[in-house]
Amino acid sequence: MSLLMPELERQLRAAVRARRAGRAGSTRRRRWPIPGAGGLVVAMAGVSAVVLAVLAVILIGHAGRAPRTARGSQVGAVQPSHIATCVPRRSASATPASATVATGSVDGHSWSLRAEHGGRGLRALEDGSFALDGRSYGVCSTFSGVALELIDATPGGIVYGFIPHPRDYAIRLYVGAGLAASPPPVSRGRGASPTAVRRVLGGAFFVAALPKTACEYSGIVVRAATKYYSYLVFPGRCRTARLVAMIPRPQVPGHANIVPVIPRAGLSAADQRKFLAGRTLVAESGCLACHQIGAAGAHGGPGPNLGDVGNQLRPSAIAGALRHPPAPMPSFRGLSRQFPKRFRALIYFLSELRGGR
Amino acid sequence: MAATDGRSDEALLSSALEDEGAFAAFYARYERPVAAFFVRAAGSGELAADLTAEVFAQALGSSDRYNPALGSGSAWLFGIARNVLARSRERGRVEDRARKRLGMPPLALDDETIARIEAAGSDQRTLELLHELPADQREAVTARVIQERGYGEIALELRCSESVVRKRVSRALATLRARMKEDS
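Protein sequence lines correspond, in order, to chains B and V. Residues in the first sequence are numbered from 8 upward in steps of one, following this note's numbering. Residues in the second sequence are numbered from 188 upward in steps of one, following this note's numbering.
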């Protein structure tokens, strides 16, 4: 029976040869000139190393902590200046409500990320905004948000990704020496399609269809397990990099952050406020990246059309679907617990969608 | 041809670091089952290829630590496979430490290879039948037959006795056999 991956067999053979050569080299070890003194010297060197390490830790501790990255670690070859700093949510008193957390330039354009409410890790920028050449692209959320995460990118150094709809969002990944050194973007390719959405590795994941010829990845996996971040994996292909920014494209009709629905006539002022709050939530959550409401949103996207959901489901059923959605839709259970009023507004807005608007 | 090597797994592994043909034969023997295992677990030929490569890289790296007294070569290999899968799931990305350590470059996969790998792991009807089994039987038979794990280990994981696991596997296999007979 022929091998599935002859290349892997060749690699393994080469690895055995290399290991054997390495072993042969390692046997030519120099002997310590004084019999019995080798162990003592090694032990003394070990003790010295431990003492030096303890001293170094104490000195570094006094010098103050190094700035934390979004994941709390410096990984990969990305320059620290391009990595947003974490702003712990709990130390709100010491944290400004709004702060620029990262800046940079790419292809002659300057960009900045601004965290609106602080937060921790990936959530630090969940409520942030992105500006390109001084122009703000508004509040970032769910899929249009700015995410910082470890990823693997191609050796070429840059990949454009699109989640979940290529028309709406472009992700720029920067690796290596920095943003300015990034080569030109690859072509957009065919983009993601509903059929490309599938489950991988036991969680809720999107698999976006990127052009293979452009970046030679072995599969891009975008995790949408929570509404707060996205996670890219290029399995086994490439070196470590960091997703710096997810850039929302300019707002145009049909964009996932515009929900072109108005309250029906006859609603009380309180209900109107609830309706608008729910609409804002739908916009901020990027629901239209997968769903359709009226003419807006994803036509034929992975999520069902919500234009008539108010007729199809009772509010309690809508709440249930939001709390326990089918994959890969993110759950709103956290919202229902932390912000029940906003969650109720969301249900109210959705239950008001009854076709025709 | 490596695949026709008549030596036992234990013999192949014990000489893996001296004889590149021995490890190649071990690879040829288990490439398909391991890739199929990952296709079923990960649902993607590309992921399966990378996970398989990592498993064999780890196996090569630790072949000198393999102890035949503790289990067969295939059980040892699938133990590595399970660990690689678990760690990849935990980290959300495919493990590649062993490959990096051995200086193995990323695999260049074409569509045809990916399709072949996916085909190796997608005996659709068997999978369907497997999913029709009661959950306890499905877990037991998957762990025992597909993952080739020991009854004791499975019993510990499922928190029941070994005899219960044996019973479940036996019932599951009987059901599968009967349904396959009906199909044919």
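Calculated directly from the structure, the hints in this document are not laboratory data. The beta-carbon is built from N, C-alpha and C at its ideal position, and this holds for glycine as well. You may find that some hints are simply not true.
Computed footprint of chain B on chain V; a stretch qualifies when at least three of its residues, placed anywhere within it, have a C-beta under 8 Å from a C-beta of chain B [unchecked claim]: (1) 262 to 269; (2) 285 to 298; (3) 302 to 308; (4) 316 to 325; (5) 346 to 354.
Hint by hint, which ones does the structure fall short of?
-> The structure conflicts with hints 1, 4 and 5, although it agrees with all the remaining ones.
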